[in-house]
Amino acid sequence: MIKYILAFVILLAVILIAITVGANNDQVITFNYIIAQNQVQLSTLVAVLFGLGLILGWLITGFFYLKLKLKNLALSRKVKRQTVLINELSAAKNKAV
57 MIKYILAFVI LLAVILIAIT VGANNDQVIT FNYIIAQNQV QLSTLVAVLF
107 GLGLILGWLI TGFFYLKLKL KNLALSRKVK RQTVLINELS AAKNKAV
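If you want this note's numbering, it's the position in the sequence shown, counting the first as 1, plus 56.
Treat the hints with care, as some may be off.
FRET-style restraints, in silico, Cβ to Cβ [as the list claims (entries may be wrong)]:
| # | residue 1 | residue 2 | range |
| --- | --- | --- | --- |
| 1 | 72 | 117 | 53 to 61 Å |
| 2 | 128 | 104 | 51 to 59 Å |
| 3 | 117 | 68 | 45 to 53 Å |
| 4 | 132 | 95 | 49 to 57 Å |
With a cut-off of at most 25 Å between alpha-carbon atoms, the simulated DSS-like pairs for lysine-lysine come out as follows [unchecked claim]:
| # | residue 1 | residue 2 |
| --- | --- | --- |
| 5 | 151 | 127 |
| 6 | 136 | 123 |
| 7 | 136 | 59 |
| 8 | 134 | 123 |
| 9 | 136 | 125 |
Source of the hints: derived by calculation from the structure; they are not laboratory data. The C-beta atom is built at its ideal place from N, Cα and C for all residues, glycine as well.
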């Protein structure tokens with residue numbers, strides 16, 4: 057529950073910062089693409105690039121988090137199999153002695 061509240065507060069802070077930065081920049085600038093150019097307000101450009109960076113960062117973080125979760129699940133299964141094998145070998149050794 058605390059994790060969701062913290063995530064909401066961080067998201068709210070990011071949105072407020074983006075609005076604050078964007079509200080003060082109403083100049084029209086020329087934005088050059090690789091093959092074209094466009095005239096946009098600086099506040100719009102800042103908001104779009106900020107949003108794209110935020111989404112890209114979350115995607116990269118999510119990818120690595122998912123990768124670690126899958127590795128953790130695989131290692132947990134391996135530990136369980138090895139524990140069962142150790143218990144079987146211990147039981148066989150106790151019967152033999």
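Notebook entry, point to check: CB of residue 72 to CB of residue 117, is that within 53 to 61 Å?
Noted result: violated (21 Å)
Notebook entry, point to check: Given the hint that residue 136 pairs with residue 123, does the C-alpha gap stay at or below 25 Å?
Noted result: Judged against 25 Å, a Cα distance of about 20 Å means the pair holds.
Next item on the list: Look at the Cβ atoms of residue 128 and residue 104 and judge whether their distance stays inside 51 to 59 Å.
Entry: violated (36 Å)
Note to self: Just to be careful, I want the Cα atoms of residue 151 and residue 127 compared with a cutoff of 25 Å; is the pair within it?
What the structure shows: Violated. Residue 151 to residue 127 sits at ~36 Å, over the 25 Å cutoff.
Check: Holds or violated: residue 134 with residue 123, Cα cutoff 25 Å?
Finding: holds (17 Å)
Check: Do the alpha carbons of residue 136 and residue 125 lie within 25 Å of each other, as the hint requires?
Finding: Roughly 17 Å separates the two Cα atoms, so the pair holds.
Next item on the list: Take the C-beta atom of residue 117 and the C-beta atom of residue 68, compute their distance, and say whether it sits inside 45 to 53 Å.
Entry: violated (19 Å)
Notebook entry, point to check: Do the beta carbons of residue 132 and residue 95 sit within 49 to 57 Å of each other?
Noted result: holds (55 Å)
Check: Has the given pair, residue 136 with residue 59, been kept, meaning a C-alpha gap of at most 25 Å?
Finding: violated (30 Å)
Of the numbered hints stated above, those contradicted by the structure are hints 1, 2, 3, 5, 7, listed in ascending order.
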